[in-house]
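There are 2 protein chains.
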Amino acid sequence: MTCNEINEQVLKFLILDMCKIKTIQARLQRRKIDAILISQPDNRFYLSSFSARDYDISESSGYLLIPRSGTPLLLTDFRYQEQAERECSNFEVMIYKNGLWGLLARLCKSLNLCTLAFESHYFLYEQALRLKNICQDLHIALLPISNLVEKLRVNKSHLELDLIRRSVRLNERVFQEIYPTISAADTEIDVALRLENAMRTLGATGPSFATIVASGPNAAMPHAVPSRHKIVPGVPLIIDMGLVLAGYCSDMTRSIVLGTPTPQTVNIFRIVRQAQLTAIKAISPGTLCKDVDAAARSIISANGFGANFGHSLGHGVGVAVHEEPRLGPRCAKKLRAGMVVTIEPGIYIPGWGGVRLENMAGVTVDGCEIFNNDKTFLDI
Amino acid sequence: MTCNEINEQVLKFLILDMCKIKTIQARLQRRKIDAILISQPDNRFYLSSFSARDYDISESSGYLLIPRSGTPLLLTDFRYQEQAERECSNFEVMIYKNGLWGLLARLCKSLNLCTLAFESHYFLYEQALRLKNICQDLHIALLPISNLVEKLRVNKSHLELDLIRRSVRLNERVFQEIYPTISAADTEIDVALRLENAMRTLGATGPSFATIVASGPNAAMPHAVPSRHKIVPGVPLIIDMGLVLAGYCSDMTRSIVLGTPTPQTVNIFRIVRQAQLTAIKAISPGTLCKDVDAAARSIISANGFGANFGHSLGHGVGVAVHEEPRLGPRCAKKLRAGMVVTIEPGIYIPGWGGVRLENMAGVTVDGCEIFNNDKTFLDI
Numbered sequence: 002m003t004c005n006e007i008n009e010q011v012l013k014f015l016i017l018d019m020c021k022i023k024t025i026q027a028r029l030q031r032r033k034i035d036a037i038l039i040s041q042p043d044n045r046f047y048l049s050s051f052s053a054r055d056y057d058i059s060e061s062s063g064y065l066l067i068p069r070s071g072t073p074l075l076l077t078d079f080r081y082q083e084q085a086e087r088e089c090s091n092f093e094v095m096i097y098k099n100g101l102w103g104l105l106a107r108l109c110k111s112l113n114l115c116t117l118a119f120e121s122h123y124f125l126y127e128q129a130l131r132l133k134n135i136c137q138d139l140h141i142a143l144l145p146i147s148n149l150v151e152k153l154r155v156n157k158s159h160l161e162l163d164l165i166r167r168s169v170r171l172n173e174r175v176f177q178e179i180y181p182t183i184s185a186a187d188t189e190i191d192v193a194l195r196l197e198n199a200m201r202t203l204g205a206t207g208p209s210f211a212t213i214v215a216s217g218p219n220a221a222m223p224h225a226v227p228s229r230h231k232i233v234p235g236v237p238l239i240i241d242m243g244l245v246l247a248g249y250c251s252d253m254t255r256s257i258v259l260g261t262p263t264p265q266t267v268n269i270f271r272i273v274r275q276a277q278l279t280a281i282k283a284i285s286p287g288t289l290c291k292d293v294d295a296a297a298r299s300i301i302s303a304n305g306f307g308a309n310f311g312h313s314l315g316h317g318v319g320v321a322v323h324e325e326p327r328l329g330p331r332c333a334k335k336l337r338a339g340m341v342v343t344i345e346p347g348i349y350i351p352g353w354g355g356v357r358l359e360n361m362a363g364v365t366v367d368g369c370e371i372f373n374n375d376k377t378f379l380d381i
Numbered sequence: 002m003t004c005n006e007i008n009e010q011v012l013k014f015l016i017l018d019m020c021k022i023k024t025i026q027a028r029l030q031r032r033k034i035d036a037i038l039i040s041q042p043d044n045r046f047y048l049s050s051f052s053a054r055d056y057d058i059s060e061s062s063g064y065l066l067i068p069r070s071g072t073p074l075l076l077t078d079f080r081y082q083e084q085a086e087r088e089c090s091n092f093e094v095m096i097y098k099n100g101l102w103g104l105l106a107r108l109c110k111s112l113n114l115c116t117l118a119f120e121s122h123y124f125l126y127e128q129a130l131r132l133k134n135i136c137q138d139l140h141i142a143l144l145p146i147s148n149l150v151e152k153l154r155v156n157k158s159h160l161e162l163d164l165i166r167r168s169v170r171l172n173e174r175v176f177q178e179i180y181p182t183i184s185a186a187d188t189e190i191d192v193a194l195r196l197e198n199a200m201r202t203l204g205a206t207g208p209s210f211a212t213i214v215a216s217g218p219n220a221a222m223p224h225a226v227p228s229r230h231k232i233v234p235g236v237p238l239i240i241d242m243g244l245v246l247a248g249y250c251s252d253m254t255r256s257i258v259l260g261t262p263t264p265q266t267v268n269i270f271r272i273v274r275q276a277q278l279t280a281i282k283a284i285s286p287g288t289l290c291k292d293v294d295a296a297a298r299s300i301i302s303a304n305g306f307g308a309n310f311g312h313s314l315g316h317g318v319g320v321a322v323h324e325e326p327r328l329g330p331r332c333a334k335k336l337r338a339g340m341v342v343t344i345e346p347g348i349y350i351p352g353w354g355g356v357r358l359e360n361m362a363g364v365t366v367d368g369c370e371i372f373n374n375d376k377t378f379l380d381i
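Chains as they are written, first to last, in our numbering: chain V, 2 to 381; chain F, 2 to 381.
Calculated directly from the structure, the hints in this document are not laboratory data.
Any given hint could turn out to be false.
Same chains, same label: a pair holds when it works inside one copy or across any pair of copies.
What the hints assert, rightly or not - When the alpha-carbon atoms are kept at most 30 Å apart in a straight line, the in silico DSBU-like pairs for lysine-lysine are as follows:
no. : residue 1 : residue 2
1   : Lys231    : Lys282
2   : Lys334    : Lys98
3   : Lys334    : Lys231
4   : Lys33     : Lys282
5   : Lys23     : Lys282
6   : Lys98     : Lys376
7   : Lys21     : Lys335
8   : Lys98     : Lys152
9   : Lys376    : Lys291
10  : Lys376    : Lys282
11  : Lys133    : Lys33
12  : Lys231    : Lys110
The model shown is predicted, which means the values in this text are computed figures rather than measured ones.
Whenever a hint applies, use it, and build me the whole structure from the sequences.
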């Protein structure tokens, strides 16, 4: 990319960010809410581009206060001041000294708020009581609101789709670089380390979740943690990996085999792949999420492994690696163009192992675009 | 370690775990609470040894339900069943299918609870409303409780102190292995990657927080994120790193210089080290946390850099890398033997950089034991 192209991209981003804020403000106006306090870290990044991470929910690196008109505010402490001012040019950066509460109370007063919304799905109970007290003192009506920003995040813009595609492609490049180096002399941890190392060396911010490398019996646990066991030849090795690039996540699973796959391995592998292809065909705008899940599940069940596919088929991906929509048996929501989902059927057999295959797709006006190019799994 | 020694250690751990549960149950009895629901992940690990991590607070890998007498329960989903049963032999593992709520309601009924406490400092507002509804339906009094387990965690047992010492020593070994390889050809990210890689190669579960490697102006931000800038010779390079070993954290900061330090660097370095030594001398049972902070701060202020030391002097470390007690200007709590704290004064000058030095210490009956052996920083 040339400098001009990058500048253009930054400019697009700024405009886009302002559009997001305008959308939020329009919703606040419609619901007669004077301001909303954003505490969910992915929402904070999505709206402000502030890329600081939280140590955990009890140690936030900052909050957004978005009034229903005018300049939005980013509230943080002195440690993040420089970063916030550099990254959030559309926001007024305000620094709190002894925690959020004093500054927030002053702002509520100076902004003359009558109603304040907060993200009840990402706000600690104890903090909410504190916020209630502040609002009571100032005669402000406090409104718990859930998933306002998450609902916007579901619909990806062209720029976001482009960033997600890049994230997926970089993730594949990492996999392809490490795949030929994997041998039976490696432990699961060795492989996970090489993958995460390559992610950062090749330009990712880091992994989007703790890389899963699980061989033989360990692969029977969908959320296996890489162990110090050596990789078992002949049976599947599950590699579930993702990275963050420019704030956007990727997520991919490959199941590979060292040496000659056993007949059981080949059989299960083919069922999982067939389930995946069937689900991909089912994806189109208007289709219910649970119907896509059912498409894959019916193949696995018809082959007698229904009880061995215990998780949902997939999930949305964006600034968070797990977000809406959920492709699960109980999700009655409709897919829409611009959504991004994983398609990851799996079969897990305790004591033996498991196979999972995962690609990412963007829902288009007439079906879906698979973001992945990697076909390594077809080796089997 | 021989197998017998390891078995002995495991046995000790099991006994210790039961002691912790007994302590919690005694407190419940004293407060006439029938059971407590534990949601805070570090508390969960501390009480149960269940080592699964949460993706975030919205995606918990499990909860503990501790009745005031009898067997404690671990509630999780099928993905963690195998791990939970292997790791938590003192607990009865119960699997929920569609989230926590259904199983919890059934258990509340079958345990005949009249009062249930929950961790209000680590429970989402929206979840708390759901829990309230369940309790209302079952005529159970719901009690918000804060930091019950955290208060236990502050006092480390001999076994815990031993594990923390090991974590600190391994962290130092990682630093000492990578330190001689650092050159002006490296970017901050290069060094951070090599450190985190060495942590895992040498046996750590992983870093206890995102490693900070900050050179020159970037070092002026106490929470700097490693960048693609090359390391600046002559001025300090701050390396703040920690790892997790057997569930226990370490945390250490070294400020090093490539090439000849400038006079400004040497001057600031000496002030910070003097502040650290003064604070260490101030540590003893009965001393107020804020007085230890003040001991370091007065040295930095006396040298004219009071405004450049914007954070607290230190914090507790254990199963979490940040825990009680806080060594800050407003903490009026008293130190007690068995507490573990960091001592990490720093001076940060925007545009120039910063120096921070951090060791870990255990409070003893007559002072403190510094866990660190590394003296690399005395090179300057």
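Taking the hints in turn, this is what the structure says about them:
no. : hint              : in the structure
1   : Lys231 <-> Lys282 : neither (37 Å within a copy, 48 Å between copies)
2   : Lys334 <-> Lys98  : between (43 Å within a copy, 21 Å between copies)
3   : Lys334 <-> Lys231 : neither (42 Å within a copy, 49 Å between copies)
4   : Lys33 <-> Lys282  : neither (43 Å within a copy, 58 Å between copies)
5   : Lys23 <-> Lys282  : neither (36 Å within a copy, 56 Å between copies)
6   : Lys98 <-> Lys376  : neither (52 Å within a copy, 34 Å between copies)
7   : Lys21 <-> Lys335  : within (23 Å within a copy, 48 Å between copies)
8   : Lys98 <-> Lys152  : between (33 Å within a copy, 26 Å between copies)
9   : Lys376 <-> Lys291 : within (27 Å within a copy, 60 Å between copies)
10  : Lys376 <-> Lys282 : within (18 Å within a copy, 62 Å between copies)
11  : Lys133 <-> Lys33  : both (19 Å within a copy, 28 Å between copies)
12  : Lys231 <-> Lys110 : neither (61 Å within a copy, 46 Å between copies)
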